[in-house]
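Student: The sequence shown begins at 977 in my numbering and counts up one residue at a time.
Treat the hints with caution; some may be incorrect.
Said to hold, decoys possible - Computed list of lysine-lysine pairs in DSSO-like fashion (alpha-carbon distance at most 27 Å, straight line):
| no. | residue 1 | residue 2 |
| --- | --- | --- |
| 1 | K1098 | K1111 |
| 2 | K1021 | K1073 |
| 3 | K1111 | K1171 |
| 4 | K1013 | K1111 |
| 5 | K1079 | K1013 |
| 6 | K1013 | K1220 |
| 7 | K1111 | K1133 |
| 8 | K1073 | K1101 |
| 9 | K1214 | K1073 |
| 10 | K1111 | K1079 |
| 11 | K1028 | K1073 |
| 12 | K1079 | K1198 |
| 13 | K1111 | K1073 |
| 14 | K1073 | K1098 |
| 15 | K1013 | K1171 |
| 16 | K1101 | K1135 |
| 17 | K1013 | K1214 |
| 18 | K1079 | K1214 |
| 19 | K1079 | K1220 |
| 20 | K1028 | K1013 |
| 21 | K1028 | K1214 |
| 22 | K1171 | K1214 |
| 23 | K1013 | K1073 |
| 24 | K1073 | K1198 |
| 25 | K1111 | K1198 |
| 26 | K1013 | K1101 |
| 27 | K1198 | K1220 |
| 28 | K1133 | K1103 |
| 29 | K1198 | K1013 |
| 30 | K1028 | K1220 |
| 31 | K1171 | K1098 |
To be verified - With beta-carbon atoms standing in for the labels, derived distance ranges:
| no. | residue 1 | residue 2 | range |
| --- | --- | --- | --- |
| 32 | A1095 | A1063 | 38 to 44 Å |
| 33 | S1212 | K1098 | 21 to 27 Å |
| 34 | N1153 | L1178 | 30 to 36 Å |
| 35 | S1170 | A1201 | 34 to 40 Å |
Don't read these hints as lab results, they were simulated from the structure.
These numbers were taken from a predicted model, which means no experiment stands behind them.
Every residue gets a Cβ at the ideal spot worked out from N, C-alpha and C, and that includes glycine.
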Amino acid sequence: MTKLLHLVAFAVVTFALVSHAAEVQVAVAANFTEAAKRIAADFEKDTGNTVKLSFGATGAFYAQISSGEPFDVLLAADDATPHRLVAENRAIAETDKTYAIGKLVLWSSDPAFVDANGAVLKSDKFKHLSVADPKLAPYGLAAQEALQHLGIFDSLKPKLVVAGNIAQAYQFVSTGNAELGFVALGQVQQPDGSKPHGSMWLVPDNLYSPIRQNLVVLSSTKERAAATAFANFLSSDKARMTIKAYGYAW
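Take these sequences, add in the hints, and give me the full structure.
Tutor: Below, the structure is given as structure tokens:
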């Protein structure tokens, strides 16, 4: 009888754990793809919840959320979009916080193409410069600001290859469709500390507005507890180690 009671108790506890496990739908700014994958895996391992990640441009996610797309959490590439969602009562105000501060780089898959000072931008060595759409992607806007500060935005307009998001901007360069492009440091930084593939120029911070990447839990979530737990996990020591490893600050 005692053994039977133990088995029943174990079954009840197991059922309770399973029934409380949740799937969290997370919209992730494309620049944060690799870091988000690692953080989500750690969260799943630690909590038993699952995370479904969708990657894209922050502006596009805003439009989807406004149209009722059932995301639980947004990891944006800026702070303006989460603020706007809070103001529109589409997001929970107390969850709006910065999870990473991004860095912009000029990158080429050719290890000898981009110099340490970005002087290649003023040369005739390239025909195509990849950038994310500044209307949709904060890193694209940062690239535009940098070019404007350098006084070469107008002259380079004919060479711009505009991508829908920062992941596509990276793809244009990695596939050779553009000789170089502006991407996020997090896309080329090697988390093990080894030298990044290709060549790059870390764009000085004073050439563009700070890229404060905020997250927010959406008001429409049906998994508020799990969504909030995931949002809070981004501030954990484990997650911050990953964020730092991919070249972000916080």
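Student: Against this structure, judge whether each hint is valid.
Tutor: Do the hints match the structure? See the list:
1. K1098 x K1111: Distance ~25 Å between K1098 and K1111 Cα, so the pair holds.
2. K1021 x K1073: 24 Å, holds
3. K1111 x K1171: 32 Å, violated
4. K1013 x K1111: 26 Å, holds
5. K1079 x K1013: Satisfied, since the Cα-Cα distance of roughly 19 Å is no more than 27 Å.
6. K1013 x K1220: 14 Å, holds
7. K1111 x K1133: 15 Å, holds
8. K1073 x K1101: Violated, at roughly 41 Å.
9. K1214 x K1073: 18 Å, holds
10. K1111 x K1079: Judged against 27 Å, a Cα distance of about 18 Å means the pair holds.
11. K1028 x K1073: Status holds; Cα separation ~21 Å.
12. K1079 x K1198: Status violated; Cα separation ~34 Å.
13. K1111 x K1073: Between K1111 and K1073 the Cα gap is close to 22 Å, so the pair holds against 27 Å.
14. K1073 x K1098: The hint is violated at about 38 Å.
15. K1013 x K1171: Holds. K1013 to K1171 sits at ~21 Å (cutoff 27 Å).
16. K1101 x K1135: 11 Å, holds
17. K1013 x K1214: 13 Å, holds
18. K1079 x K1214: 21 Å, holds
19. K1079 x K1220: With Cα atoms ~12 Å apart, K1079 and K1220 stay inside 27 Å; holds.
20. K1028 x K1013: With a Cα-Cα distance of about 10 Å, the restraint between K1028 and K1013 holds, given a limit of 27 Å.
21. K1028 x K1214: 19 Å, holds
22. K1171 x K1214: 23 Å, holds
23. K1013 x K1073: 20 Å, holds
24. K1073 x K1198: Since the Cα atoms of K1073 and K1198 sit roughly 21 Å apart, the hinted pair holds (cutoff 27 Å).
25. K1111 x K1198: Between K1111 and K1198 the Cα gap is close to 30 Å, so the pair fails against 27 Å, i.e. violated.
26. K1013 x K1101: 36 Å, violated
27. K1198 x K1220: 31 Å, violated
28. K1133 x K1103: Within the cut-off at roughly 11 Å; holds.
29. K1198 x K1013: Holds, because 22 Å separates the two Cα atoms, which is no more than 27 Å.
30. K1028 x K1220: 23 Å, holds
31. K1171 x K1098: 25 Å, holds
32. A1095 x A1063: 38 to 44 Å: 42 Å, holds
33. S1212 x K1098: 21 to 27 Å: 43 Å, violated
34. N1153 x L1178: 30 to 36 Å: For N1153 and L1178 the Cβ distance comes to about 23 Å; the hint is violated.
35. S1170 x A1201: 34 to 40 Å: At 39 Å between Cβs, range holds.
Hint violations for this structure: numbers 3, 8, 12, 14, 25, 26, 27, 33, 34, all remaining hints satisfied.
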